[in-house]
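Visitor: Please construct the entire structure, taking both the sequences and the accompanying hints into account.
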Amino acid sequence: MALTLKKVLISDEVDPKCVQILQANGVDVVKDTKLTKEQLIQEIPKYDGLIVRSATKVTADVIAAASNLKIIGRAGTGVDNIDCDAATKKGIIVMNTPGGNTLSAAELTCTMVCVLSRQVPQANDSLRAGRWDRKKFMGSEIFGKTLAIVGLGRIGKEVATRMQSFGMRTIGFDPIIPADVVAEFGVEWMSLEELWPLADYITVHTPLIPKTKNMINAEVFSKCKKGVKIINVARGGIVDEEALLEALNAGICGGAALDVFIQEPPKDFTLVQHPLVVSTPHLGANTTEAQSRVAEEIAQQFVDAMQGKSLFGALNAQALSNALSPATQPWVTLGEALGRLAASLAGEVNSNTQVQVITYGEYRMQCRLIEHRIARM
Amino acid sequence: MAEIDKPRPAVWIHARQKDDPTQGFNPEFCERVEKHFDIICHKDLVANPILGANIVGALVRGSRMYLENTLDLLPNLKIIANNGVGVDHIDVKKYNQLGVKVANTPDVLCDSVADMAVTLMLASARNLIPGVKLAMGSEPVQELNQNWLGNDVCFATLGIVGMGGIGFKIAQRAKAFQMNIYYHNRKRRSTAEESTVGASYCASLEELLPKCDYLIIACPQTPETVGMFSEARFKQMKPSATIINVARGKIIDQEALYTALKNKTIKAAALDVTYPEPLPRDHPLLTLPNIIISPHTGSATVETRRKMEMLMLENVLAEVEGRPLPSEVKG
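In order, the protein sequence lines correspond to chains A and B.
Sequential numbering from 1 applies to the first sequence in UniProt numbering.
Sequential numbering from 1 applies to the second sequence in UniProt numbering.
Don't take every hint at face value.
[As the list claims (entries may be wrong)] To be clear about the criterion: a stretch of chain A counts as covered by chain B if any three or more of its residues have a C-beta under 8 Å from a C-beta of chain B, and this derived list gives those stretches: (1) 9-15; (2) 242-252; (3) 308-316.
[What the hints assert, rightly or not] Listed below are the simulated BS3-like cross-link pairs for lysine-lysine, each with C-alpha atoms no more than 30 Å apart in a straight line: (4) LYS89(A) to LYS211(A); (5) LYS89(A) to LYS145(A); (6) LYS90(A) to LYS18(B); (7) LYS145(A) to LYS6(B); (8) LYS223(A) to LYS6(B); (9) LYS37(A) to LYS223(A); (10) LYS35(B) to LYS89(A); (11) LYS18(B) to LYS223(A); (12) LYS89(A) to LYS78(B); (13) LYS18(B) to LYS6(B); (14) LYS93(B) to LYS70(A); (15) LYS57(A) to LYS6(B); (16) LYS70(A) to LYS6(B); (17) LYS309(A) to LYS18(B); (18) LYS93(B) to LYS78(B); (19) LYS18(B) to LYS213(A); (20) LYS43(B) to LYS31(A); (21) LYS211(A) to LYS330(B); (22) LYS43(B) to LYS70(A); (23) LYS57(A) to LYS70(A); (24) LYS309(A) to LYS330(B); (25) LYS78(B) to LYS70(A); (26) LYS89(A) to LYS238(B); (27) LYS90(A) to LYS78(B); (28) LYS211(A) to LYS93(B); (29) LYS93(B) to LYS213(A); (30) LYS78(B) to LYS309(A); (31) LYS309(A) to LYS6(B); (32) LYS46(A) to LYS57(A); (33) LYS31(A) to LYS18(B); (34) LYS57(A) to LYS43(B).
[Claimed, not checked] Cβ-to-Cβ under 10 Å is the rule here; a few derived chain A residues that face chain B: (35) VAL79; (36) ASN81; (37) ASP85; (38) GLY153; (39) VAL181; (40) GLU188.
Quick caveat, the hints were computed from the structure, so don't treat them as lab data.
Only a predicted model underlies this, so the values are computations on that prediction, with no experimental measurement involved.
Note that the Cβ used here is the ideal one computed from N, Cα and C, for glycine as well.
Guide: Structure (structure tokens):
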């Protein structure tokens, strides 16, 4: 038995390839990018698969309503828009495309470094407004400047190697990747405290998790060089937006490039309107190549899961997913049958109904599957 | 898959020593691991579930409740390497069914644990703990008591329950102490091995127990050995016998042990292992004068721990490189 997927909902804009690949493999696909949260909650029970990008928020209540959902696919890397904990508790696989967006995000980051160094968008606006203002836009060379990269995973590394070719000194921090490994791609590993005073540019390439929320805050700005430039192509919230505004107004921060915001689209446009800020509407992965790639990847990953070949990209699945192997099918069927029996004996079954499953015996993994299946019935 | 770059494979650990001074892995070992793998600490994994995708191995030690909840859901987990030889806290069968191998650290710790078993036996026999209190305690002592006597270990009879790697090394040491050695094992050892250490086989515990002045438990904890030392077993032992346990706490029924010690059914006990570990301070066993308990330090030496850590890492490397594991445990 592999992961049977009959009907998949795609609730964010994805390349048509995704739909094509799934349909070619016998999956019913519905694409609806206009669903409100309430509508999503209402519709989701009809689907056993869901594919999102970053706009759809798959919160705990969506997951609670998703009575048939087996898998959530993220066409992209970050899963902060998905309540992974709730998904895991319910036995729903969360799957992302770990590499697909890397180059596009890295290239946009490098673009932002270049654009900040010469204030290109501001100069452009000025000229469009009919002004020939050269003195105002005195820039600075990137050559010889120091780029501090927080987060040295796939994207951070690609940013480092590209900006090294501009003659930048690349320093960085990563909580997991050790110094000698990052040295292999030309980055000097430092603690965060050591990074701030050295940086001419700071770019963040971390997920949004409690530890990284408001990582770039007022305290950090107080330790930075005057005029430091900040780039965030990662996630809104890693940079404290209020602190950034204050730092810009106080001259501590000499420019910021933001692709992401705490609220998208932002409710408050003060930062976006600031003369020293360059912004883009979450375009980090918005290239035809990246979108095509992640759409194809997530669809293919779903198909591989359906065929029991692999669960590449899964974040919370059992190893080797022998859960997909033929040997476990009878246990799954047993679980479903027991679940149906229990449900009919229980009378009215609603969200308050509790199921206690006690299993004995040596086949504990199979028991887990039974438990899971009974609970889902 | 169009992947720009494969991140390095990673291993899961509970914590580094700097974050958890009593449970974390020491920095020298972490550095050695990091030559091959990224290290992901449990708290980092919890904060960022994406990290789970790169984890191929887990370095575990001791019994940890989150083991099952966490390790079960690592999609690319290939091996769980345990720091220690006993894996009763790991459901090996389940993990094997999930395609995950389990490895332990046998052999490298046998000498150290055997040393500990003998240490406990000697300390008990010679009343070391009360003796130290007398000689060094704050209560003033006018004269040393000439009539306060221990017992010789030499020429006494030792029984070993479980003559595996550790049991054999215990026998080697006991031979040097000129003890008479009997043993019980699931499988009888070869005559050559028996004569090397001068040990005689007893086919059953009934045969073994009544002979012993000292009894050392060195067998694994399995469904068969849990509660092996029950009230009935203690009654089969000599009233002058001392029981020593360097295996697992649950092999002895602790309530029965308490009663046996209290009623002097046996003379004394010396345990490196209990359940739970450590015992709560109000546990009845702690009220008895004729018991020594050490905090599961059987293999806790700088030298042996280093060997165990290297073996853990070797097992993970072997699995990742497609070589046979040096010390796989099959479920």
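Visitor: Take the hints in turn and mark each one as holding or not.
Guide: Going down the list of hints, with the structure as the test:
With 0 residues having a beta carbon nearer than 8 Å to a beta carbon of chain B, the stretch 9-15 of chain A misses the requirement of three or more and the stated coverage is violated. With 0 residues bearing a CB less than 8 Å from a CB of chain B, the stretch 242-252 of chain A misses the requirement of three and the coverage assertion fails. Interface restraint, the stretch 308-316 of chain A with chain B: holds (6 residues with C-beta to C-beta distance below 8 Å; minimum three). About 23 Å separates the Cα atoms of LYS89(A) and LYS211(A), which keeps this hinted pair within 30 Å; it holds.
For the given pair, LYS89(A) sits about 47 Å from LYS145(A) by alpha-carbon distance, which is inconsistent with the 30 Å threshold. Between the alpha carbons of LYS90(A) and LYS18(B) the distance comes to roughly 35 Å, so the proposed pair goes past 30 Å and is violated. Distance check on the hinted pair: LYS145(A) and LYS6(B) sit about 29 Å apart at the alpha-carbon level, within 30 Å; holds. At most 30 Å may separate the alpha-carbon atoms for a hinted pair to count; LYS223(A) and LYS6(B) exceed this at roughly 34 Å.
Among the hinted pairs, LYS37(A) with LYS223(A) is inconsistent with the structure: their alpha-carbon atoms are about 42 Å apart, more than 30 Å. With a CA separation close to 35 Å, the supplied pair LYS35(B) and LYS89(A) exceeds the 30 Å bound. Distance restraint check for LYS18(B) and LYS223(A): the Cα-Cα separation of roughly 26 Å lies within the 30 Å cut-off, and the hinted pair is therefore satisfied. Between LYS89(A) and LYS78(B), the direct Cα distance comes to roughly 23 Å. Compliance with the 30 Å bound is thereby established for this hinted pair.
Taken as a hint, the LYS18(B) and LYS6(B) pair is honoured in the structure, with Cα atoms around 29 Å apart against an allowance of 30 Å. Using a Cα cut-off of 30 Å, the hinted pair LYS93(B) and LYS70(A) holds, with the two alpha carbons roughly 26 Å apart. A C-alpha spacing of about 28 Å is found between LYS57(A) and LYS6(B), which places the hinted pair at or below 30 Å, so the restraint holds. Using a Cα cut-off of 30 Å, the hinted pair LYS70(A) and LYS6(B) holds, with the two alpha carbons roughly 27 Å apart.
Using a Cα cut-off of 30 Å, the hinted pair LYS309(A) and LYS18(B) is violated, with the two alpha carbons roughly 41 Å apart. Using a Cα cut-off of 30 Å, the hinted pair LYS93(B) and LYS78(B) holds, with the two alpha carbons roughly 14 Å apart. For the hint pairing LYS18(B) with LYS213(A), the CA-to-CA distance comes to about 23 Å; that is within 30 Å, so the pair holds. Restraint check for LYS43(B) and LYS31(A): the C-alpha separation of about 37 Å exceeds 30 Å, so the hint is violated.
Straight-line distance between C-alpha atoms of LYS211(A) and LYS330(B) comes to about 39 Å, which puts the hinted pair past the 30 Å bound. The suggested pairing of LYS43(B) with LYS70(A) holds, with an alpha-carbon distance near 27 Å, which does not exceed 30 Å. Restraint check for LYS57(A) and LYS70(A): satisfied, since their Cα atoms lie roughly 17 Å apart, inside the 30 Å limit. Between LYS309(A) and LYS330(B) the CA atoms are separated by roughly 25 Å; this keeps the pair inside 30 Å, and the hint holds.
Note on LYS78(B) and LYS70(A): the hinted pairing holds, with a Cα-Cα distance of about 24 Å set against a maximum of 30 Å. As the CA atoms of LYS89(A) and LYS238(B) are separated by approximately 54 Å, the hinted pair breaks the 30 Å bound. Under the criterion of a C-alpha separation no larger than 30 Å, the hint pairing LYS90(A) with LYS78(B) is consistent with the structure, at around 24 Å. Under the criterion of a C-alpha separation no larger than 30 Å, the hint pairing LYS211(A) with LYS93(B) is inconsistent with the structure, at around 37 Å.
In summary, the hint linking LYS93(B) to LYS213(A) is not supported, as the alpha carbons are separated by about 41 Å, beyond the 30 Å threshold. For a cut-off of 30 Å, the pair hint linking LYS78(B) to LYS309(A) stands: about 16 Å separates their Cα positions. With a CA separation close to 20 Å, the supplied pair LYS309(A) and LYS6(B) stays within the 30 Å bound. With a C-alpha separation of about 18 Å, the suggested pair LYS46(A) and LYS57(A) falls inside the 30 Å cut-off, and the hint holds.
A C-alpha spacing of about 49 Å is found between LYS31(A) and LYS18(B), which places the hinted pair above 30 Å, so the restraint is violated. A distance of roughly 24 Å separates the Cα atoms of LYS57(A) and LYS43(B); the hinted pair therefore holds under the 30 Å criterion. The interface hint given for VAL79(A) is met, as the beta carbon of that residue sits about 6 Å from the closest beta carbon of chain B, less than 10 Å. Restraint check, ASN81(A) versus chain B: the minimum CB separation of about 13 Å is more than 10 Å; hint violated.
Taken as an interface hint, ASP85(A) checks out: its beta carbon lies about 8 Å from the nearest beta carbon of chain B, inside 10 Å. Against a cut-off of 10 Å between C-beta atoms, the interface hint on GLY153(A) holds, since the closest Cβ of chain B lies about 6 Å away. The closest approach between the C-beta of VAL181(A) and any C-beta of chain B is roughly 7 Å, which is under the 10 Å cut-off, so the hint is satisfied. Interface hint at GLU188(A): violated, since its Cβ lies 17 Å from the closest Cβ of chain B, which is beyond the 10 Å cut-off.
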